[in-house]
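So you can see what is in the structure, the chains are spelled out below.
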Amino acid sequence: MEKLENISLTGRKKVLEKKPMNFLERIYLPSIVQGLAITFKHLFKKKATIQYPEQRREFSVNFRGIHSLKRDEEGRERCTACGLCALSCPAEAITMIADERKPGEEHLYREEKYAAVYEINMLRCIFCGFCEEACPKQAIYLDGDIAPADVDRKNFIYGKDKLLEPLLK
Amino acid sequence: MDIALLIEKVILISVVLGISLVTAMYTTLAERKIAGFLQDRYGPNRAGPFGILQPLADGVKLFTKEEIIPREANRFLFVLGPSLAMLMACVGTAVIPWGEELEIGGRTVSLQIADVNIGILYIFGVVALGVYGIMIGGWASNNKYSLLSAIRAASQNISYEISLGLSLIALLMVTGTLSLGEIVEQQRGFNWNIWYQPLGFILFLTCSFAETNRNPFDLVECETELVGGYHTEYSSMKLGFFLFAEYINIFVASAVMSTLYFGGYNFPGMDALAQAGVSQNWITLIGVGAMFVKVLLFIFFFIWVRWTVPRFRYDQLMKLGWNIMIPLAIANIVITGVVIWLTGN
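Heads up: the sequence lines are chains A and B, in that order. For the first sequence, the numbering used here begins at 1 and goes up steadily by one. For the second sequence, the numbering used here begins at 170 and goes up steadily by one.
Please note: incorrect hints may appear among the correct ones.
What the hints assert, rightly or not - Cβ pair distances, simulated, as ranges:
#, chain 1, residue 1, chain 2, residue 2, range
1, B, 273, A, 29, 15 to 21 Å
2, A, 90, B, 214, 38 to 44 Å
3, A, 29, B, 218, 36 to 42 Å
4, A, 14, B, 359, 49 to 55 Å
5, A, 14, B, 218, 48 to 54 Å
6, B, 228, A, 97, 50 to 56 Å
7, A, 38, B, 228, 31 to 37 Å
8, A, 146, B, 216, 20 to 26 Å
Said to hold, decoys possible - Below 25 Å or equal to it, Euclidean Cα-Cα: the simulated PhoX-like pairs (lysine-lysine) are:
#, chain 1, residue 1, chain 2, residue 2
9, B, 488, A, 18
10, A, 41, A, 113
11, B, 488, A, 19
12, A, 3, A, 70
Don't read these hints as lab results, they were simulated from the structure. Positions of the beta carbon are idealized from the N, C-alpha and C atoms, including for glycine.
Generate the whole structure from the sequences, applying the supplied hints.
And the structure:
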């Protein structure tokens, strides 16, 4: 019967022999020279660096960046402050205060109800995109850039001033 | 001693000191740049074009950092440590011949600050004293990691100084003098000592790595085991002094190796130039250039090795020092002796 340690069911078993190092290995020099040759080749290799602020890597088509609140084709805010985005948000980053549209404001808001205050805490947001999926009015999309860094926590709470899509005209 | 000699020496000392400080300063940048390139990156390139202002920015940063002396530390020794490291690193350049004589207005100016007839012993002593800065700094910090590092530094330097000395003895048997000036003169043209002492050079090179506490022998500041080594407790410019001393040591070690084994300021074809009627001053200046090219190549080599070879384990370091380096160094002496005896001089 074959000995257990010699059986290789996958056929890929390699038995390594632990030999004591010979003289050339013990003085380390050949392997050091080999290593130096490898690193020297890397001096002339193409650099993997992207010089960030000047050069930017392209985002993929389904990249999720900063949110933007959309307007419809007449420039009215689409959001109706239903709160589904806030409900779907796993990080509880979204808060809003709803308000009723007054007569004469039809050119500003598409629905009868709109978000008077709409805030996303970018420190909480995990950019999962659930708000985008939950929105029945197609009012929020994560189609912006990377959230920029700041030194103050307050500045990470993005209100409508930062989120709302600018008017085209 | 006449006043002109004094002025001449003061100027020479300031120039050499300035050059070694600037070289050390830019070695820090070169280190980061080369490290970057070896790892397919660019290294620092934001401060000035290609990052050439980076050392200045680093210096300003170190100077303006908060100075912390631990409460339990020995204040006097804590300050003495980095000062000593810096001092010992700087004085090594005094005996290195940077070039032949220059003729300025009828005066012959030797481009060696002091041609001591025991130049090699002087270098040897200064290098040995360099470890005191590390030891004192490590001891005064009152931190167990610093202390461990200081002990390592001491034992490592002692073990490698023996083979350093032994490899030098073989060289001395060939040259027959201890004066660095004479050793360089003997290597005129392309008659460099490396052709006679290849094994000795490799031993000397390895020991230089150990003496300057560079990879693969940087167990003294081994970050993975000792936090920061002997400078764990240091901050601000005192830390800067320690780091800077290391780079000056590299500069001095490179200069010593170029002098002893690679002909110092000698370059092939210097006699042909003299025969072609080029004035001695020009040959001297080219020689100084040759010397600096050699030094810079050695500095590059130091950096290159650092970013290639991983750190030895402590027992491997000791085994290599005592079981391999010393026997090889002794064998080198015996071989040199036999060859000298056979060739009859």
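| field | Pairwise beta carbon distance, residue 29 (chain A) to residue 218 (chain B), judged against the given window 36 to 42 Å | value | holds, 39 Å
| message | Can you tell me whether the CB distance of residue 228 (chain B) to residue 97 (chain A) sits inside 50 to 56 Å? | response | holds, 54 Å
| message | Range first: 31 to 37 Å. Now tell me if the beta carbons of residue 38 (chain A) and residue 228 (chain B) are that far apart. | response | Since the Cβ atoms of residue 38 (chain A) and residue 228 (chain B) sit about 34 Å apart, the hinted range of 31 to 37 Å holds.
| message | Tell me if the straight-line CA distance from residue 3 (chain A) to residue 70 (chain A) falls inside 25 Å. | response | At roughly 72 Å apart (the allowed maximum being 25 Å), residue 70 (chain A) and residue 3 (chain A) break the hint.
| query | Are residue 146 (chain A) and residue 216 (chain B) spaced within 20 to 26 Å by their CB atoms? | reply | holds, 25 Å
| Has the given pair, residue 488 (chain B) with residue 19 (chain A), been kept, meaning a C-alpha gap of at most 25 Å? | Given that 25 Å is the threshold and the Cα spacing comes to 18 Å, the pair holds.
| query | Measuring from beta carbon to beta carbon, are residue 90 (chain A) and residue 214 (chain B) in 38 to 44 Å? | reply | With Cβ atoms ~41 Å apart, the hint holds.
| field | Cβ separation of residue 273 (chain B) and residue 29 (chain A), checked against the hinted range 15 to 21 Å | value | At roughly 46 Å between Cβ atoms, residue 29 (chain A) and residue 273 (chain B) fall outside 15 to 21 Å, so the hint is violated.
| said: residue 41 (chain A) and residue 113 (chain A) were given as a pair; does the straight-line alpha-carbon distance stay at or below 25 Å? | reply: violated, 65 Å
| query | So does residue 14 (chain A) sit 49 to 55 Å from residue 359 (chain B), Cβ to Cβ? | reply | holds, 51 Å
| Taken at face value, is the distance from the CA of residue 18 (chain A) to the CA of residue 488 (chain B) at most 25 Å? | It holds: about 20 Å lies between the C-alpha atoms, which stays within 25 Å.
| query | Does 48 to 54 Å hold as the CB distance between residue 14 (chain A) and residue 218 (chain B), or does it fail? | reply | For residue 218 (chain B) against residue 14 (chain A), whose Cβ atoms are near 52 Å apart, the range 48 to 54 Å holds.
Checked against the numbered hints given earlier, the structure breaks hints 1, 10, 12 and satisfies all the rest.
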